[in-house]
Amino acid sequence: MNPLTMRRWSPYAAGAALGVLSWATFYFMDKALGVSTSVCHMAAAVIGAGSESAVKENAYFSKLLVKDGVWKPFVDWQFALVTMMAVGAFLAAWWGKGFDETRGMPRTWTGSFGPSRSLRWVGAFVGGIILIFGSRLADGCTSGHAISGGLQLALSSWVFMVAMFATGVTTGLALYSRKGA
Amino acid sequence: MFEHAFADPRTLILGALTGLIFGFLLQKGGVASSDTIMRQMTLRDFTVAKMMLTAIVVGAIGVWIMKETGMIKGLHLKPALLAANAIGGAIFGVGMAVAGYCPGTSFAALGQKSWDAIPATAGMIVGAVIFAQAYPWLAERVLPIADLGKKTLPDVTGVPWWVYVLVLSIGLGVMARALARKPGATPAL
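These protein sequence lines map, in sequence, to chains Z and V. Basically my numbering = 1-based index in the first sequence + 4. Basically my numbering = 1-based index in the second sequence + 17.
Each hint should be verified, as a subset may be incorrect.
Stated by the list, open to error - Label-pair ranges, simulated between beta-carbon atoms:
hint, chain 1, residue 1, chain 2, residue 2, range
1, V, 184, Z, 32, 26 to 32 Å
2, Z, 107, V, 150, 30 to 36 Å
3, Z, 55, V, 163, 35 to 41 Å
Simulated from the structure, these hints should not be mistaken for laboratory data. Each residue gets a CB set at the ideal place from its N, CA and C atoms; glycine is no exception.
Excised from the complex, chain V in its bound form (with noise of 0.2 Å):
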């Protein structure tokens, strides 16, 4: 595996310039301490929902009318194996929350000097070698259950894309009015 180890060098300097700049709004955002995390999960602190809801607002807009307009390629979806999204998802939260990272930000905190992620990042290796020693197990006994395919929610319901968006959009407009009476509110920019 070590001959073949390295993709096109085009390849590796559009991730590399990709997640210079990923990383860079995770620290800007706050997210990438572990304290914002465990924050929002106690309820003090909404940075983490605030971000990720815009972040998927502002994404969906782009990314959808460059889908239907015929920009790109079309979209990269993962498969709907419901069981498996569910329980991966109630799993993750639980270990989300004790660590106070998830995976982007670990890497995110290690160049802000938070060292708790040198720990987490370990426990992340060591815990994706015992997810491929269980995989076998998993694959005939989980990920088939309840799996849909590659689906979208306009796919399942029929509801177009757009009135999903300017849903999502008046919940971030209301969520944004809701958290800004509260005390600790978030820096202006």
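Next up, chain Z with everything else stripped away, as it sits in the complex (with noise of 0.2 Å):
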């Protein structure tokens, strides 16, 4: 069968391949995957629209952005990365026609707090300022520390992963109902 057009691949297939894509980035380009830092990139772009002096004023995406006096250009590798994963997602689906039936009501959500999309939107953005504020701090997420920072055996992603999972089943667990689904 064609993958392209297969609807899911298995985890392990999918993990394989996204191995292989670590060598690459490694080899061709001395990088290692990851995105949330280019989330910082779009904060600053937001609030540098309004005020360039403040994005340079502040300790932290003066860090990320300005080096030695001078700007780094903001949509940098990581920036069309990330940018870019949503094409590539969108045509996943799209040949394999997997786009999500649901339009972003989870079931497991559902089953636990109705059918209410808007609070399930409330849901989704507290959980975003969250979990990036825990992915600043630590410096990294799921692609920078876990996978990046798994296979390279850091030492700081494998603290990372085990926090992560730690409060992630607790948190898990302690929300959502067991039971249907």
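Please assemble the complex out of the two chains, which come individually in their own frames, going by the hints.
Right under this line is the structure:
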């Protein structure tokens, strides 16, 4: 069967391909996969649209985006990667007829919190705030820490991963009903 | 900042190509759906763990061999600021369970019409602004705690890299066998 038109791949196949993609980023680009730094670039761009000096005066944004008083490009390798992820996922879903039929109302969520779309959006928004705060404190997310750092056997990343799954599973079990689905 | 917004075209094209494949794989693997991540966090579906551990094992074999043979310039380690890594990871896990997303999968989710990724992504951008405000305090009080620098597990234990990769490979095999017997097992490929 044509893998492009398969609705879903085995997670082992998709994971192995992701591992090989990491070889390519190291070998051809001298980079490791990561995502969450680009979210900070986006945040800096939003702030910078109002006032560039506000970005420069912020210790964190200037650490990321200013070097020796000169702006670094905020649309960089990783920023291009992140924006194209949506396109890659679109192609995968299009060829495999795998678009989300619920349009973003996960059954695990609705099983516990009901069908209100606004409540789900509030949950996703609040969850987004929490997770990026954690990822910036830890200096990485599931991509940069768990996958890239994990495969490099980085001490920082394995500590991150253990902590992430410990509270993730605790929170998941506390929030979501185990019945149904 | 906007007059020097773009990196050089070659860098951007390579990044874009990588992102295209990355997003494609996350969608095909099923982790672009917030339900998949929520089900992992309730231990009903191990797609996330299977995909992540396979990526780590396969990635580690290639990257460490290339490192040892000098085919790549070196690793890209994040510093072990152990308090920040642990607290940040713990906060991250809570957010991931609530949102059903992590940063990468939320961008992939936008491509498969999972519209709850819109508020998740917006929340992430707001969260980054909040973090930037808190950064000076955190940099002074939290980041320096248990700062061991850029260290790998082989560095701190003296156990060679291939032992870790071997143990992780065996772990992956054991996990795959154990989970294959569970109902709701994964599609074959």
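These are the hints, each one checked on the structure:
1. For residue 184 of chain V and residue 32 of chain Z, the hinted distance range of 26 to 32 Å is satisfied, since their beta carbons lie about 29 Å from each other.
2. Checked against the hint of 30 to 36 Å, the C-beta distance between residue 107 of chain Z and residue 150 of chain V comes to roughly 34 Å, which is consistent with it.
3. The given range of 35 to 41 Å is respected by residue 55 of chain Z and residue 163 of chain V, whose C-beta atoms sit roughly 36 Å from each other.
No hint from the list above goes unmet by this structure.
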